Amino acid sequence: MLNNDVLRSLRYLLDVSDGKLEEFCLLADYPVEPGLLSACLLHEEEPGYRPCNDVLLAHVLEGLVFYKRGKDDSRPRLPVEKRLSNNLILKKLRVAFELRDDDIQVILQLADLPMTKTELSALFRAPGHKHFRECGDQILRNFLRGLTLRERG
4 MLNNDVLRSL
14 RYLLDVSDGK
24 LEEFCLLADY
34 PVEPGLLSAC
44 LLHEEEPGYR
54 PCNDVLLAHV
64 LEGLVFYKRG
74 KDDSRPRLPV
84 EKRLSNNLIL
94 KKLRVAFELR
104 DDDIQVILQL
114 ADLPMTKTEL
124 SALFRAPGHK
134 HFRECGDQIL
144 RNFLRGLTLR
154 ERG
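Just so you know, we're using our numbering here: the sequence shown kicks off at 4 and counts up by one.
FYI, nobody ran anything at the bench for these hints, they're computed from the structure. In this text the structure is predicted, and so the values were computed from the model without any measurement. One thing to keep in mind: the hints can contain errors.
[To be verified] Straight-line distance between alpha carbons at most 27 Å, and here's what the computed DSSO-like set of lysine-lysine pairs gives: (1) 74 to 94; (2) 133 to 94; (3) 95 to 120; (4) 133 to 74; (5) 71 to 133; (6) 71 to 94; (7) 74 to 85; (8) 23 to 94; (9) 85 to 95; (10) 23 to 120; (11) 71 to 85; (12) 133 to 95; (13) 95 to 74; (14) 133 to 120; (15) 120 to 71; (16) 71 to 95; (17) 133 to 23; (18) 120 to 94; (19) 85 to 133.
Whenever a hint applies, use it, and build me the whole structure from the sequences.
Right under this line is the structure:
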């Protein structure tokens with residue numbers, strides 16, 4: 004799934020302005036050039052479109068976590084990922100929205116993509132683990148759709 008698609012889905016899910024997405028980046032100590040996020044929210048065929056790189060999306064997600072859960076300055080900050088995978092995006096959203104396994108199962112059920120706890124836990128394992136499963140575009144797309152249905156009711 005393209006980072007731009009994830010960014011558009013997040014903006015719709017949260018029902019926020021482009022400026023609010025820029026605020027998320029600032030919360031993650033990552034100032035963005037004016038208009039960049041607006042350009043990333045455009046579709047490829049639209050004039051002014053710019054691709055959203057992994058670093059930008061990672062900072063938006065990090066800022067979303069801080070926006071939803073608060074920022075704990077007493078704990079050392081982990082470096083923001085330079086390469087994102089669907090699994091990492093799913094993990095960041097899980098943290099931001101404080102979701103447990105059963106919450107994620109309900110969200111996926113809303114999107115007509117039921118998963119067992121075992122299938123789900125495989126998505127959150129370390130990539131080297133023998134039971135690790137790569138999160139495909141369909142799973143992430145359906146998760147975002149289900150989360151939108153849950154959040155926007």
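Verification of the hints:
1. 74 to 94: 18 Å, holds
2. 133 to 94: Status holds; Cα separation ~19 Å.
3. 95 to 120: 19 Å, holds
4. 133 to 74: 34 Å, violated
5. 71 to 133: 33 Å, violated
6. 71 to 94: It holds: about 14 Å lies between the C-alpha atoms, which stays within 27 Å.
7. 74 to 85: Holds, at about 21 Å.
8. 23 to 94: It holds: about 21 Å lies between the C-alpha atoms, which stays within 27 Å.
9. 85 to 95: Roughly 14 Å separates the two Cα atoms, so the pair holds.
10. 23 to 120: Violated, at roughly 34 Å.
11. 71 to 85: Judged against 27 Å, a Cα distance of about 22 Å means the pair holds.
12. 133 to 95: Status holds; Cα separation ~22 Å.
13. 95 to 74: 14 Å, holds
14. 133 to 120: Holds, at roughly 16 Å.
15. 120 to 71: 25 Å, holds
16. 71 to 95: 11 Å, holds
17. 133 to 23: 40 Å, violated
18. 120 to 94: With a Cα-Cα distance of about 15 Å, the restraint between residue 120 and residue 94 holds, given a limit of 27 Å.
19. 85 to 133: 24 Å, holds
In this structure, the earlier hints numbered 4, 5, 10 and 17 are contradicted, and the remaining ones agree with it.
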